[in-house]
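Just so you know, the sequences run in chain order A and B. Under this note's numbering, the first residue of the first sequence carries the number 15, and numbering increases by one thereafter. Under this note's numbering, the first residue of the second sequence carries the number 15, and numbering increases by one thereafter.
Quick caveat, the hints were computed from the structure, so don't treat them as lab data. Because the structure is a prediction, the values reported are computed rather than measured. Treat each hint with caution, since some may be false.
To be verified - Chain A is faced by these chain B residues, among others (derived, beta-carbon under 10 Å):
1) Leu160
2) Glu309
3) Ile311
4) Phe315
5) Ala340
6) Leu342
What the hints assert, rightly or not - Here are the in silico distance ranges between beta carbons for each label pair:
7) Asp16(A) to Trp449(B): 52 to 58 Å
8) Arg70(B) to Ser17(A): 44 to 50 Å
9) Arg102(A) to Asp273(B): 32 to 38 Å
Said to hold, decoys possible - What the simulated footprint calls covered on chain A by chain B, stretch by stretch (three residues with Cβ under 8 Å from a Cβ of chain B suffice, anywhere in the stretch; the number is not a length):
10) 83-95
11) 163-177
By construction, the Cβ of each residue, glycine as well, lies at the ideal position given by its N, Cα and C atoms.
Number of protein chains: 2
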Amino acid sequence: MDSMLIIDEVRLTPILISDPPLLNVQGVHQPYTPRLIVEVITRAGTTGLGETYGDRVYLDLARPLADALPGHPVTDVNALFELAGVGRPAAGERNAGASSSPPHAPVTEAGVDAAGLRGVRTADKLRLSVVSAFETACLDALGKTLGLPVHALLGGKVRDSVEYSAYLFHRWAAHPGDGPTDDWGAALDPAGVVAQARRFDRLHGFRSFKLKGGVFPPEQEIATIRALAEAFPGRPLRLDPNGAWSVDTSLAVAHELRDVLEYLEDPASGTDAMAEIAARTDVPLATNMCVTTFEEIPEAFAEDAVRIVLCDHHYWGGLHRTRELAALCRTYGIGLSMHSNTHLGISLAAMTQVAATLPELHHACDTHYPWQTEDVVTPRPVFRAGRIPVSDAPGLGVQLDRRALAALHRRWLTADVALRDRDDTATILSTHPTWTPPHW
Amino acid sequence: MDSMLIIDEVRLTPILISDPPLLNVQGVHQPYTPRLIVEVITRAGTTGLGETYGDRVYLDLARPLADALPGHPVTDVNALFELAGVGRPAAGERNAGASSSPPHAPVTEAGVDAAGLRGVRTADKLRLSVVSAFETACLDALGKTLGLPVHALLGGKVRDSVEYSAYLFHRWAAHPGDGPTDDWGAALDPAGVVAQARRFDRLHGFRSFKLKGGVFPPEQEIATIRALAEAFPGRPLRLDPNGAWSVDTSLAVAHELRDVLEYLEDPASGTDAMAEIAARTDVPLATNMCVTTFEEIPEAFAEDAVRIVLCDHHYWGGLHRTRELAALCRTYGIGLSMHSNTHLGISLAAMTQVAATLPELHHACDTHYPWQTEDVVTPRPVFRAGRIPVSDAPGLGVQLDRRALAALHRRWLTADVALRDRDDTATILSTHPTWTPPHW
Numbered sequence: 015m016d017s018m019l020i021i022d023e024v025r026l027t028p029i030l031i032s033d034p035p036l037l038n039v040q041g042v043h044q045p046y047t048p049r050l051i052v053e054v055i056t057r058a059g060t061t062g063l064g065e066t067y068g069d070r071v072y073l074d075l076a077r078p079l080a081d082a083l084p085g086h087p088v089t090d091v092n093a094l095f096e097l098a099g100v101g102r103p104a105a106g107e108r109n110a111g112a113s114s115s116p117p118h119a120p121v122t123e124a125g126v127d128a129a130g131l132r133g134v135r136t137a138d139k140l141r142l143s144v145v146s147a148f149e150t151a152c153l154d155a156l157g158k159t160l161g162l163p164v165h166a167l168l169g170g171k172v173r174d175s176v177e178y179s180a181y182l183f184h185r186w187a188a189h190p191g192d193g194p195t196d197d198w199g200a201a202l203d204p205a206g207v208v209a210q211a212r213r214f215d216r217l218h219g220f221r222s223f224k225l226k227g228g229v230f231p232p233e234q235e236i237a238t239i240r241a242l243a244e245a246f247p248g249r250p251l252r253l254d255p256n257g258a259w260s261v262d263t264s265l266a267v268a269h270e271l272r273d274v275l276e277y278l279e280d281p282a283s284g285t286d287a288m289a290e291i292a293a294r295t296d297v298p299l300a301t302n303m304c305v306t307t308f309e310e311i312p313e314a315f316a317e318d319a320v321r322i323v324l325c326d327h328h329y330w331g332g333l334h335r336t337r338e339l340a341a342l343c344r345t346y347g348i349g350l351s352m353h354s355n356t357h358l359g360i361s362l363a364a365m366t367q368v369a370a371t372l373p374e375l376h377h378a379c380d381t382h383y384p385w386q387t388e389d390v391v392t393p394r395p396v397f398r399a400g401r402i403p404v405s406d407a408p409g410l411g412v413q414l415d416r417r418a419l420a421a422l423h424r425r426w427l428t429a430d431v432a433l434r435d436r437d438d439t440a441t442i443l444s445t446h447p448t449w450t451p452p453h454w
Numbered sequence: 015m016d017s018m019l020i021i022d023e024v025r026l027t028p029i030l031i032s033d034p035p036l037l038n039v040q041g042v043h044q045p046y047t048p049r050l051i052v053e054v055i056t057r058a059g060t061t062g063l064g065e066t067y068g069d070r071v072y073l074d075l076a077r078p079l080a081d082a083l084p085g086h087p088v089t090d091v092n093a094l095f096e097l098a099g100v101g102r103p104a105a106g107e108r109n110a111g112a113s114s115s116p117p118h119a120p121v122t123e124a125g126v127d128a129a130g131l132r133g134v135r136t137a138d139k140l141r142l143s144v145v146s147a148f149e150t151a152c153l154d155a156l157g158k159t160l161g162l163p164v165h166a167l168l169g170g171k172v173r174d175s176v177e178y179s180a181y182l183f184h185r186w187a188a189h190p191g192d193g194p195t196d197d198w199g200a201a202l203d204p205a206g207v208v209a210q211a212r213r214f215d216r217l218h219g220f221r222s223f224k225l226k227g228g229v230f231p232p233e234q235e236i237a238t239i240r241a242l243a244e245a246f247p248g249r250p251l252r253l254d255p256n257g258a259w260s261v262d263t264s265l266a267v268a269h270e271l272r273d274v275l276e277y278l279e280d281p282a283s284g285t286d287a288m289a290e291i292a293a294r295t296d297v298p299l300a301t302n303m304c305v306t307t308f309e310e311i312p313e314a315f316a317e318d319a320v321r322i323v324l325c326d327h328h329y330w331g332g333l334h335r336t337r338e339l340a341a342l343c344r345t346y347g348i349g350l351s352m353h354s355n356t357h358l359g360i361s362l363a364a365m366t367q368v369a370a371t372l373p374e375l376h377h378a379c380d381t382h383y384p385w386q387t388e389d390v391v392t393p394r395p396v397f398r399a400g401r402i403p404v405s406d407a408p409g410l411g412v413q414l415d416r417r418a419l420a421a422l423h424r425r426w427l428t429a430d431v432a433l434r435d436r437d438d439t440a441t442i443l444s445t446h447p448t449w450t451p452p453h454w
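Let the hints inform the model, and build the full structure from the sequences given.
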């Protein structure tokens, strides 16, 4: 193996990035949210970039993996799972499927993970999210070394641009107390959300609109979707209450919105509830909560619980695993789209590269990216007509902005330590002490 | 995209290779069997190699694909399926899943394909077998261009050698009439098969033994497996009658051999029969007949019809698709091994490269290769302790023997045209006119 491909060093840089006060079923986004930037550096000095969740549980898993990698070639991405201990019980965990909590990360309520809304937290879910950043960084380094885009390392692109959807949020105008500010204003009723959608449409040209729901009573969110349908006739609309509804509520909303929804995303929590809803409505159900690992697939597919899986390469363990998930969905006749949580340009590039290789991606992908005012890549990616062009430059096709990285890391070092773990619930409770997780 | 990676030319060379008179449920192997060698040549003059079935139906599909490829980069293997028309109805076919027969290739009996024993023949199965050779050739060319082994293009090897099993056949000492000869002698009873196994063990060091069954009455084949178990205590044994048995016969054989079989392969034909058997025996069932495409997976997995899928990169559409199949098997808790039909060193190298990347491959792979006295690669691969080392040389790590290729192509040009389509049934009927397909 060419020594140009051997990993010499892995650098981990935890950062805190500005985030607007976006509302969801768990509370409100913190003013700053942690991310982890992974740099894999080869002996020839080529640097590959990866990005993932930055909460301390992830950092604790990333450090030993970073220590284990030097000496391995960047081509060895299949080996990352074993190196990261995927499939092995964690300390205090009876088996890989058990739901005990790793340090720093108590499960805040049954079935919901504070950091990611991806069902019960397991050690493997955390490990896979860490592996995803290392795999992306290895592929970026490999592509840069070979002069090939990442999509070519995954069998080649089948499209030249990838479509994304607008990600609409109910939000406050500003964080209470200190924090980053912006000029988007509040969106706490149908008119506010429609105004937000119009601005997204104008700025980025998105064709599809997704509303993060589960924040206001279903009647209000139904009215918001109706208002969007009126403002943007014929455009694909999605509503995602993150499992905040009962089966009956979900069915009532599906019935009300059956003529305008492209799909309804995670209306209720858990595979059984989703299956019950799916059996009683023609509105397609999508998920990034009840199917977030390969282990969860057989039951969900057997129960016909979902029609569309919203994949997320962070959840599934990287870009190769995303392609494997696509093969599973293709085999079982399940649709595919992409989920997104707060992320920067490295992950957007990774999403775009792998999405470009998937013929069966027939829905616009989610992305939080337009909400991010800071990034560690330069120049920042630009959406045109809601799409990101698929880069043919070597690797992911993004350039690290070291000054920005250093500044965001300095924030991580100096800011309140509590910000190092994202906790939307604690954040809302700090100013709204009577807030309770919504359920309708 | 670097012009070094652009395909300049694709060469197709049909050949006829010597094959011994091996017996199976469909008759006897022809003295010569067709294979197709695919060479993908880049503008920089690098040649990638692929190999697949060579019957005329495959050639007819390969030619337009070869014409379509120049100008594409060798990285674009995801695009091969669309280019080959996978998923499109064939002329005269009502839909992609229908069972109508393409020219030259009548379905000889319900559920059995004369060329490959892979269930009902469909246009897509043929196309996927053709795509597999083109994909392998593209990966070989890409690896040679980049200086990387094919396994590194698939995420890297997780083992340094791949285990194969001895493939034991009932056979005649010689073909009736003209044809290649060898000194293996006949194997038409338990003693003959044990002698063959001893020679395989001595020559190649195989640990596992598979017997191609469905040739003699089950009692005789049970006795043969018993004789092998006595001669090689504790070694993994497999029996494959290619669906020649009824459910009751299959259950009786499974019961008789329950203490010595690693698995029983395709005892009966069709997913329903396999499921019925599987429900009533603890002997694991394997298949390369009822699950040979992604479309066949959901029903077979839902019915618990098989415990092990014998993958074959020719059937499944190449090395990337083989990895996708592995992901499906991993997800559903199904074991994985590899099927083999008469093939040469290019396909053996391709099997070894992809097998090296699959952590979940826990059974020795099948290979017909030791029966082949001719090859188009040089030097010929050598089994040690039943294993093939995983080459780290660029591409597949094999070298084309152009003199051998030319000679075998000359045979294809000059021999009886009937040999251009493999037909084990016609071959046995030519000397045993009263032969009928066995069923017990």
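Now for the hints, and whether the structure bears them out:
For Leu160(B), the shortest C-beta to C-beta distance to chain A is roughly 5 Å, which falls under 10 Å, so the interface hint holds. Of the supplied interface hints, the one on Glu309(B) holds, with its beta-carbon coming within about 8 Å of a beta-carbon of chain A, less than 10 Å. Given the 10 Å rule on beta carbons, the hint for Ile311(B) holds: about 5 Å separates it from the nearest Cβ of chain A. Against a cut-off of 10 Å between C-beta atoms, the interface hint on Phe315(B) holds, since the closest Cβ of chain A lies about 8 Å away.
Checking Ala340(B) against chain A: minimum C-beta separation of about 8 Å stays under 10 Å; hint holds. Satisfaction of the interface hint for Leu342(B) is found here, the shortest Cβ-Cβ separation to chain A being roughly 6 Å, below the 10 Å cut-off. At about 56 Å, the CB distance of Asp16(A) to Trp449(B) agrees with the hint of 52 to 58 Å. Distance hint check for Arg70(B) and Ser17(A): the Cβ-Cβ separation is about 48 Å, which falls inside the suggested range of 44 to 50 Å.
Remark: the range hint 32 to 38 Å for Arg102(A) to Asp273(B) is upheld by a beta-carbon distance near 33 Å. A count of 7 residues in the region 83-95 of chain A with a Cβ less than 8 Å from any Cβ of chain B is obtained; the coverage claim is therefore met, three being the minimum. Check result for the region 163-177 of chain A against chain B: holds, 7 residues qualifying (beta carbon to beta carbon below 8 Å, three or more required).
Violated hints for the displayed structure: none, as all numbered hints are satisfied.
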